[in-house]
Structure formats: structure tokens, C-alpha cells
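Undergrad: Given only the sequences and the hints, what does the whole structure look like? Please build it.
In my numbering, the protein residues as written are 8 to 449.
The hints are simulated quantities; they were obtained by calculation from the structure and are not laboratory data.
Mixed in with the good hints there might be a few duds.
Pairwise CB distance ranges (calculated) [said to hold, decoys possible]:
(1) D304 with S217: 22 to 28 Å
(2) N348 with A130: 52 to 58 Å
(3) R210 with A324: 44 to 50 Å
(4) R232 with R123: 18 to 24 Å
(5) D196 with E317: 40 to 46 Å
(6) S213 with P78: 55 to 61 Å
(7) Y248 with T199: 24 to 30 Å
(8) Q349 with G421: 52 to 58 Å
Glycine is no exception: its CB is placed at the ideal position from the N, C-alpha and C atoms.
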Amino acid sequence: MRFNTHRFDVSRLLGAYECGPADKTSKIRHPMPRRSELRLSKRTIDALPAAGGDAVFWDRDLPGFGIRVHPSGRKVYLVQTRGPKGSKRVSLGRHGDLAPQQARKQAAEVIDRIKRGEEPLPAPPKAEPTVADLAERYLSAHVAVNCKPATAAGYRRTLSLHILPELGAMPIVSVERKHVADLHYKMRDTPTEANASAKILSRMYSLAASWGFETGGRNPCRFVRGYRERRRERFLTRDEYRRLGDALEEAEAKGRMSVYTVAAFRVLMLTGCRRNEVLELKWDDVGRTMGELRLRDTKTGPRWVPLTPEVTGILDALPRVDGNPWVFPGRGRDGRLVNINQQWGTLRSRAALKDVRIHDLRHSFASRALALGESLTTIGGLLGHTKVQTTARYAHLARDTEIASTARVGASIGAHIMPDGTDPEQARRPAEIGEEGRRWRS
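TA: Now the structure itself:
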């Protein structure tokens, strides 16, 4: 088989010769392309030689369409034409990456845009922001600014474990109620976490507009109905308090637990404070003159806790570590106790309290206060609640206390007015009320 060959006179077909690189889109001062006899095709482009400098070859059929040949042999398609804003030259892409026909089609479009006074290359379409993008902004602009570290960690956990694996890659405007409902239903076995996921996602969509995210004017979580949550209520009985006290005394006596850890547990039980509120106490926060503990950075803001004689005795017995500002020091010269969960596990096993959490000590403090006749308002102040609804969870215990008080008063009066009156001394004993775990004996 024989092939026809054609030799090109490169010097005759050279339309322009320029040195140095050209910008992708820029105004230039070079003369406009001269008419050429060369039609740019794969065969002709492959045959173009590399010279000592950059050489530009123009197409005969599409004025302004050409190819630049670099000394290295690299060949790049380009366009040069004049429009209302002057002459512009635009690089289209490399020969090999672009076929000649593709380059020719793009060149025609670019030439039309330049002649209309538009940008030669339209801006690439912006990728639609996703739920993951919104979550990142939510964590940095809202959670990090407004939430405590422990709360922020909980939000990050919910996002990474539940929300982002299911919805993270979806554009924000594409998420519909059925997507949220499906996620919520998938988590039905853990209703608290399911509701928390829906609430976090709803909050993200509520804030999205203020951050410039387009949501289509809707919140896909709006009509997702939360599951009924079963609040955990576990209160220590008098006997359980005694067993826990014995276990603490034994652990301290036998050196199974540091004196600081034992003291921290006792202060938690005696004050009803949250775990970190106690572990983050500094000696400067112990106000002996005013008789109070100053909690500077609690979940609900700064507050003051009365310093009772029992708590004062515990703190007075603690040895201080030179240079360490913390009441309950930990490892290192200036460290503090951070995690006491493992010690609590050991302690509750010794006391046979396998279902009791550290936070249940706070609930037990509230239930004991109610049993002693304190009002919900007073207890809310002791626990640092800022909302009445938070303390209202103990309302049923207050009702039990009212029943017991009424029974005592009625029995006392009945001893004097009823034919078979009861012994007044017996009537002064509080009635046994409520379910197991809330029975108090004098």
C-alpha cells in the first residue's frame, strides 16, 4: 500500500512569530493574524515543527483560530480576535488533550463571545453547596462560638455518625422531608439520638440563609415529628447512699483511689453540681469569707453554690500541691482530674449500684431536697437551672412530698378528733410513698 505525502513550507505558512508565554486571557498588542493557507487538522498539526522560539500557525477557514508551537514541541490551540473591548488572545487547550474539531468548535464560540464584548471563557459553574458544607459552617460559626466543649463534642459526634454519612454529599436544596424522615426512622431504636439529629439538622437549615446558603426557602425538618423519649430517672435511696459512702471510705482507707478522686465524688453528692463544675474548681473559686463556691463557667453561666460545713471539711482535709491551682489535681505539675469514669465504675461495683451514673448523683440531690420539703424554685436555684421546665421534671416527686406532708398533718390532727385516734408521736413519721428508690425514712 502506498501513501501520499505532502511537504509543508513552514516559513511561508508562518503567520506570526512571538517569544515568551501568553496569558490564558489577556489584551495583547500583537498585530492581528495574517491570512493563512493552512487548514488546522490533526495531520497538519502533527507535521508542524518546533523552532527556536514560539511559532503561531493560523487556520485559513476560521480567522482568529490558531495553534502555538513551543520550542519544546508542545502545541496549544488559541484564539485571537478583536471585540468592543479591544483585541484579546485566549488559550484553549493542548493539542492531544483537545481534538482539532473540538478546538475549532470552542474557538468559534470564544470568537463570538469576544465580538459581543463578553468574557471569552464563561466562569465555570459553582458546585452546589452540600449538607457537609453547611455542617462545617455550623460547627465553626455557631457551635464553636455558643456551645461548651462537651456540647460541641456531642454535636460533632451526631453529625459524623448519623447525619453526614446519610446526607452529607447531597446539595442543600435537594434535601427533602422524606430524606430527613428516612434518617429519623432509621434511628428509631435510639429515639433520643434520632430526635437530636433532626434538631441539629433543623437548626442548621434555620441558620443557613444568614450564611448565604440557598435552601429554597424551606426547612426539610419542619414536619418531622420527634419520638417520645423516655427520661431516665434514678435516685439513690438512703440505703444506697450508705453503701456508696462505705465504698468511698473503704477505697480511701485501702489506697484504691486517690484522696482527690474520693473528695470529688463526695462534693458531687453534697452539692448536686455537674461533674465538670466540680473537677474544674480552682482554689481561687473557694470563697470562705462569703461561704460559697464560685462556678465561673457552667452550662448555664456563672453561679454560686453555698459552701456547707460538710463540703468545707472535705476541702480543708485536701493536701495542696505547690504551684497547682486546681482543687482536685491530676497528673503533671499543674494538671487536674479530667476523667473519673473508670473510678466510678469500680466504686459503684463495690456498692452494688450497677445502674447508677455519675449524673444520677445530681438527680438524687434534687430528690432528697424535695423529700425534705424544698420547693421546685429553690431546687432549681441549687442546681443552676435557668428554665422552669428543666426543674419541672421533678414535679411528680414534689407531689409525692405534698401527699406525705398532708398525711402527716392529717394523722396528727386525727389523733385528737377521731374516735380511734392515732398516737401523735407515730403520726410525725413521714409516710412511705412513691416507687422504690424514692422512699425516705427518718
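Undergrad: When the structure is checked against the list of hints, which entries are broken? Sort them ascending.
TA: 4
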